[in-house]
Amino acid sequence: MKKVLYTIKPLAVVFFVADMLCIIAGYGIASLLFSYSLDAFITPAVLHAFLTIAGLYITQSYRILWRYATMQDYYRIIEGFTGATVLLLIYSGVVNLASNRVLFLASAGGLALLIVYRVIIRETKPQKIALPKKKSKIILIAGAGEAGRTLLAEFKRDGRADSIIGFVDDDTRKVGTLLCGKPVLGTTDDIPSLVEQYGVKECIVAMPSAPQKEIDRVIKIIRSSGNVSISILPAVTKLFEKALTPELRGIGVEELIG
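Residues 268 to 525 in this note's numbering are what the sequence shown spells out, letter by letter.
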């Protein structure tokens, strides 16, 4: 059973306040659209706000580092908010707080605001100190799947996405398509020609679910391409819990012997 109670960090208090304001703003929007007095919505708005705080706490949404949030984290918000809204609707049906139409509209607005400001937090890059630019080595990612997509996202957050020339993948249906703005340039058999064409200096094997035999085959192809350094994602990678970039490890000779 998951632990429900946990210690609140000081930053979570800021989220408490922001979330309450989002819910109240949702009711403000509803009052404008229905030409009702906001005073009539004070009680349901405040009650909904506190229920939402409780719901998000239970779903552990206040433990999330929103700078590195994933879709699963946003599902927690939806889950907690939905639970709070259902309780409010049940209570409203008993004491007639407000019409269901108003409550649904206010809830939709509140949920949208809850998610939007978290998306802004996630997508806003922190200001970095300008350093002299070094010539980036060109990197090719082997594997245009979820691992490759998440890896590219980490490079983007670090401001190093320009060093990624693209992907290769043995699913020929992906060849010629774009993954997060980067092209799938060919299959793994095309690695030698791509290394020569683009001056690739490093190849990252992002195929954590592939059999070891397949990974060994790709590594041998890369090794045959010339002076290209190789990094590989671990076979078991927590794609949605922490940054992938630090998990890359260099390939040693013992890993190249099949």
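Take the hints with a grain of salt, since some may be wrong.
Heads up, simulated DSS-like pairs for lysine-lysine below, C-alpha to C-alpha not over 30 Å straight-line [stated by the list, open to error]:
no.	residue 1	residue 2
1	449	480
2	404	480
3	441	487
4	404	449
Pairwise CB distance ranges (calculated) [to be verified]:
no.	residue 1	residue 2	range
5	275	387	17 to 27 Å
6	280	430	19 to 29 Å
7	345	390	15 to 25 Å
8	443	300	39 to 49 Å
9	346	429	33 to 43 Å
10	456	427	24 to 34 Å
11	487	429	20 to 30 Å
12	272	463	52 to 62 Å
13	383	300	42 to 52 Å
14	275	382	14 to 24 Å
15	356	484	22 to 32 Å
16	501	429	21 to 31 Å
To be clear, the hints were calculated from the coordinates, so they are not data collected in a lab.
This one's a predicted model, so the numbers in the text were calculated from it and none came from an experiment.
C-beta atoms are modelled at their ideal positions from N, C-alpha and C, and glycine is treated no differently.
Structure-based check of each hint:
{"no.": "1", "hint": "449 x 480", "in the structure": "27 Å, holds"}
{"no.": "2", "hint": "404 x 480", "in the structure": "28 Å, holds"}
{"no.": "3", "hint": "441 x 487", "in the structure": "22 Å, holds"}
{"no.": "4", "hint": "404 x 449", "in the structure": "16 Å, holds"}
{"no.": "5", "hint": "275 x 387: 17 to 27 Å", "in the structure": "22 Å, holds"}
{"no.": "6", "hint": "280 x 430: 19 to 29 Å", "in the structure": "39 Å, violated"}
{"no.": "7", "hint": "345 x 390: 15 to 25 Å", "in the structure": "19 Å, holds"}
{"no.": "8", "hint": "443 x 300: 39 to 49 Å", "in the structure": "46 Å, holds"}
{"no.": "9", "hint": "346 x 429: 33 to 43 Å", "in the structure": "37 Å, holds"}
{"no.": "10", "hint": "456 x 427: 24 to 34 Å", "in the structure": "27 Å, holds"}
{"no.": "11", "hint": "487 x 429: 20 to 30 Å", "in the structure": "29 Å, holds"}
{"no.": "12", "hint": "272 x 463: 52 to 62 Å", "in the structure": "58 Å, holds"}
{"no.": "13", "hint": "383 x 300: 42 to 52 Å", "in the structure": "18 Å, violated"}
{"no.": "14", "hint": "275 x 382: 14 to 24 Å", "in the structure": "21 Å, holds"}
{"no.": "15", "hint": "356 x 484: 22 to 32 Å", "in the structure": "57 Å, violated"}
{"no.": "16", "hint": "501 x 429: 21 to 31 Å", "in the structure": "26 Å, holds"}
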